[in-house]
Amino acid sequence: MNILVLVKQVPDPEALVEIAASGRDLNIEPKFSINLFDEFALEEALRIKEKHGGKVKVISLGGPKTIEALRTAIAMGADEAVLIEDEAFAASDGYNTALVLSKALEKEVFDVILTGRQAIDADRGEVPQMIAQFLGLPHVGVVVKLDISDGKATAESSLEGAKEIIEVGLPAVFTAQKGLNEPRVPLITGVMKAMKVQIPKVSVEDLGLTRDMAVPESSKTRIVRYLPPKKRPAVQLIPGEPREAAAEAVRLLADVERVI
Amino acid sequence: MDKVVVFVETKGDEPRKASMELLCEAAKLAESGKFSAEAICFGVLSDALKGRLLSCTHKLVRFTDPELAAYSPEGYARALAGYAAETGARMIIAGATGIGRDFLPRVAVILGTGMVSDVTGANWFDDPMTFVRPMFGGKVFAEVAFPASPVVVTARPNSFAMDMPQGINGEYEERAAGSLAGAIHTRLVRIEEAKGDTVDLTEADLIVAGGRGLKAAENFKLIEDLAAAMGATVGATRSVVDAKWRDQADQIGKSGKTVSPKLYIGAGISGAIHHIMGMDTSKVVLAINRDPNAIIFNYANYGIAGDLFEVLPAMTEEIRKRKERG
Amino acid sequence: MTMKVEEKIAVNAMKNDTKSHIVLDQTICAGCRERMCIAVCPGHLYSLNEETGEMVVEYAGCLECGTCMIACIYGSIAWDYPGGEYGVQYRYG
Amino acid sequence: MDKIDAIVVGGGLAGLCAAYRLADAGRQVILLERGDAPGSKNVTGGRIYVDPVRAYLPEIIDSAPFERHVVREMITILDEGSALQFEYGNERWRREPFMSHTVLRAKFDSWLADQASAKGAFVIPKKKVDDLLWEDGRVAGIRSGTEEIGAHVVIAADGALSFLTQKAGLRQPHKPEDLAVAIKEIYQLDEKTIEERFGLGPDEGAAGLFMGSVTRGMFGGGFLYTNQDTLSLGLVVGIGSLIHDTGGFDAPGLMDGFIERPEVQRWVRGGELKEYSAHVISEAGIGAVPKLYTGGMLVAGDAAGFALNLGLTVRGMEFAIASGVMAADTVVEALDGNDVSETSLSRYEKRLRESFVLPDMETFRHSRDVLDRQRFFTVYPRFMCELFDELFTVGAKPKEGLYRTAKRVAKKHVLNMETLKDLLAARKL
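Chains as they are written, first to last, in the working numbering: chain A, 1 to 260; chain B, 1 to 326; chain C, 1 to 93; chain D, 1 to 429.
It should be emphasised that the hints constitute simulated quantities derived from the structure, not laboratory data. All figures in this text were calculated on a predicted structure; none of them were measured in a lab. Be careful, since some hints might not be right.
Once the Cα atoms are required to be at most 27 Å apart in a straight line, the calculated DSSO-like pairs of lysine-lysine come out as [stated by the list, open to error]:
id	chain 1	residue 1	chain 2	residue 2
1	A	K49	A	K163
2	B	K28	A	K230
3	A	K230	B	K323
4	B	K139	D	K175
5	A	K163	B	K28
6	D	K126	B	K257
7	A	K65	B	K262
8	C	K15	B	K262
Far from chain B, by Cβ distances over 12 Å, these chain A residues were calculated [claimed, not checked]:
id	residue
9	E87
10	E106
11	V185
Every residue, glycine too, gets a C-beta built ideally from N, C-alpha and C.
Generate the whole structure from the sequences, applying the supplied hints.
Below, the structure written as structure tokens:
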């Protein structure tokens with residue numbers, strides 16, 4: 001069983017994210033980790049390997065620092081890792097990201113592609129499905145349980161609360177949702193091993209692409225500027241006797257806010 | 001005129017709310033004369049629902065292929081992208097529901113274009129069009145320009161007003177995408193509806209949470225009753241969990257769960273910062289506390305400075321009454 | 001004007017375990033008059049729950065100084081560092 | 001897995017220096033740090049004095065990411081509602097080699113970790129060490145979670161609380177009287193504002209000390225350091241004093257009272273709070289230093305109680321760096337001789353005696369006893385403030401002569417037996 005796991009290095013969930021004075025950039029505290037959902041994907045890949053044998057290979061697209069995320073993946077138990085090193089593509093939109101990754105995947109032999117349902121930085125949740133489409137593969141999204149046997153997979157997908165049990169032939173793409181598993185913490189010995197591993201790097205030219213494809217001017221979509229979230233307005237105290245206030249609160253929630 | 005295709009997601013006899021919001025938005029766009037709007041739906045369609053949809057859109061196209069009776073990302077993507085390509089659509093929009101977000105990326109790739117997901121705002125008349133969407137779990141928003149064509153968008157529910165258009169009586173068309181059978185490689189074996197009627201806190205749209213102000217474990221009944229009346233999930237503060245009034249799974253806050261529901265109602269909660277950090281991304285917050293200086297009011301849209309033992313049952317009753325009235 | 005201590009703590013990067021790294025022996029606490037933990041904790045994390053009569057520690061805001069453990073001469077506070085990956089992560093120090 | 005040469009527990013200055021030195025000597029060393037990165041759990045006041053440590057980190061100390069070199073010392077004596085401030089500066093401090101630098105640990109320690117990694121040390125964060133492994137009565141490795149790693153030597157550099165020294169039976173549980181708690185706030189101000197407000201040139205820094213009523217008579221004081229674009233402000237209070245205090249003050253309240261003083265606000269106003277931290281410091285001097293070695297294990301830095309509070313200067317980081325390096329040198333020698341027994345490792349203490357570490361700790365053996373006299377934090381500050389109050393006050397009544405004023409105020413506060421006792425005690429400093 002050859003399992004490929006796509007991971008993204010993202011700012012640590014606790015990292016400070018501020019909009020630069022220009023409004024065109026983000027100042028992000030330089031503290032990174034593997035995208036939470038990709039950790040579920042990697043853990044699942046390791047479990048499939050432990051059950052069925054095979055090999056887990058981790059692929060990432062990012063700048064030079066992304067090596068750290070790949071080392072963590074190896075420390076957790078991945079057999080191999082490769083970095084597609086390109087800051088411009090990594091910072092580009094979902095389409096470009098999916099394009100690069102699918103070019104890299106075309107060169108691989110695999111039964112399963114696992115990745116997170118979305119990255120916690122851009123929050124797009126587009127890339128895995130786009131990759132599946134580029135490669136002409138089926139996908140099952142937001143997977144909370146995955147069983148592999150005899151060249152096919154049975155996955156529980158939790159797109160909308162209810163669980164859909166879906167069967168699919170391999171190879172296929174699966175996107176991991178919280179609840180799929182509890183990712184392991186790398187062992188000290190694993191980390192030591194990972195520190196010594198040479199991780200190969202690939203450039204976008206190696207994949208038959210050119211760097212100018214990723215510049216904002218030639219991208220399908222591009223971020224123009226960043227905006228702060230809307231501040232909650234000052235509290236509106238609802239006056240009156242408890243019964244009146246309660247009735248008014250329900251009216252506001254139902255008719256004005258339309259949340260109930 | 002630029003054609004806008006709205007994918008209408010239906011569940012039984014009901015359209016998804018996000019789809020209806022987009023239909024209304026598309027109808028508004030059509031009024032401008034710059035756009036024409038169409039709705040696309042797959043699978044069975046009752047007459048009642050058909051009627052409702054036709055009153056909101058100038059054209060409703062239903063695909064009759066049996067393969068589209070159940071959702072499959074490959075089948076849906078192929079049918080929707082095929083129609084968009086064939087009819088030269090300028091824009092394909094869908095609600096950012098689980099299904100919408102799952103298959104629209106495929107539509108984009110088939111059409112050789114990009115997409116913006118989960119938008120909360122749009123400038124349809126800009127050139128290029130721009131959209132606003134959250135990043136980093138809502139810590140910042142990005143304004144995204146979309147120079148490529150067609151434009152593929154999923155929109156977050158509650159982002160566009162549902163102002164029903166007047167005087168529309170759209171035409172209805174049935175089509176078949178054809179040759180889908182070989183294109184779909186996933187098979188839906190069965191659907192297991194979520195157990196019970198409560199959703200996990202982190203996924204819940206509506207949350208009613210209680211704190212120390214409830215005074216005793218048994219008083220959580222008041223919270224549970226209100227939650228049941230509105231179909232909400234029950235949450236709690238850490239001190240309440242510590243006092244073993246509620247299970248750890250109900251704990252909202254830094255050491256518990258981070259929630260971002262559409263509505264958070266907090267009763268008898270003073271507003272310890274650890275709790276606030278777990279709920280501050282809620283869209284609408286109603287706080288009920290006897291102490292008008294309670295910190296939680298600083299983080300609320302609405303506040304009732306009153307006795308929760310009176311307010312909660314009154315709210316429960318009011319919601320039940322409204323439900324009965326329909 | 002001054003920030004509340006819990007607002008100050010909220011400025012820090014904190015990663016919290018769902019399990020507390022501070023465990024109190026309520027039988028010892030019940031016999032304690034001084035409640036020195038309340039006064040010494042720089043995070044003001046200790047309080048008495050008036051309804052239950054039990055001591056409560058809001059471990060999620062812990063700055064990991066250990067002062068409470070040292071100050072509690074009755075030995076009620078079982079205190080360990082939070083596990084790796086958890087707890088406060090100072091950006092300046 | 002075969003035993004590795006050495007495991008260092010704790011990514012502070014002592015641990016990182018030990019790992020750096022061991023790796024530099026070609027030894028296989030793992031450093032385990034429980035935080036997300038070395039430095040992420042560490043707090044200093046802080047200022048580091050360079051001269052004592054230059055010999056221990058000769059190749060790298062000059063490239064260290066210091067904040068500002070200190071050119072001015074400011075002392076503020078506070079009474080309720082009044083304060084006496086004075087400064088000491090020295091032209092020599094403005095020229096290289098600089099004597100001391102302000103420093104922030106998250107940045108400094110991660111730099112030091114990079115140096116250690118570059119030498120080949122395995123610096124592994126997010127790993128909390130839970131216990132020691134034993135073999136034939138000797139420490140033989142560590143346990144972290146479910147994982148056991150064998151090592152010839154363990155260097156415990158696990159900070160002031162050091163659970164490992166206690167587990168190894170090298171010290172008794174901590175006593176409240178032996179430790180102080182430091183609370184620190186970081187305020188952001190831009191560089192220019194800091195330089196203008198304090199009258200500093202680029203990269204020049206100031207250090208401030210506050211004593212008197214900020215601690216409400218308790219053992220301790222306040223500090224202020226200028227960093228590149230932040231201020232470090234904090235308060236140190238003896239835990240023993242805090243728990244015996246009957247004034248009803250709590251630690252965060254004392255900190256608030258300190259920050260709100262106008263003498264402090266003049267420096268921080270307009271600054272944005274960026275961090276709120278707390279840490280304990282050993283205050284007991286050599287009296288609280290544990291046994292420093294046992295078979296297979298050495299103790300370094302704060303874990304060894306290496307910290308001195310001399311009132312005007314608080315020192316710890318220099319001891320940490322020096323002891324970390326000496327621990328590593330001892331281990332290298334022991335491994336070379338294939339002998340990590342208690343006797344072999346006892347050479348660590350010999351090294352410390354021959355360096356400045358133990359002699360300094362010894363010289364100031366009584367400093368805490370002397371300083372921990374309530375009058376230092378109440379009576380003398382009041383005397384000073386009142387004296388100046390009288391000198392500067394011009395009222396309707398005829399003013400008495402300077403000498404008469406001084407004598408009268410001194411009589412009221414300090415011309416008594418208690419002062420004599422304090423003076424006699426102070427001879428021990």
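**Study point:** Structure versus earlier hints, numbers of those that do not hold, lowest first
**Key:** Hint check: 3, 4, 5, 7 fail, others pass.
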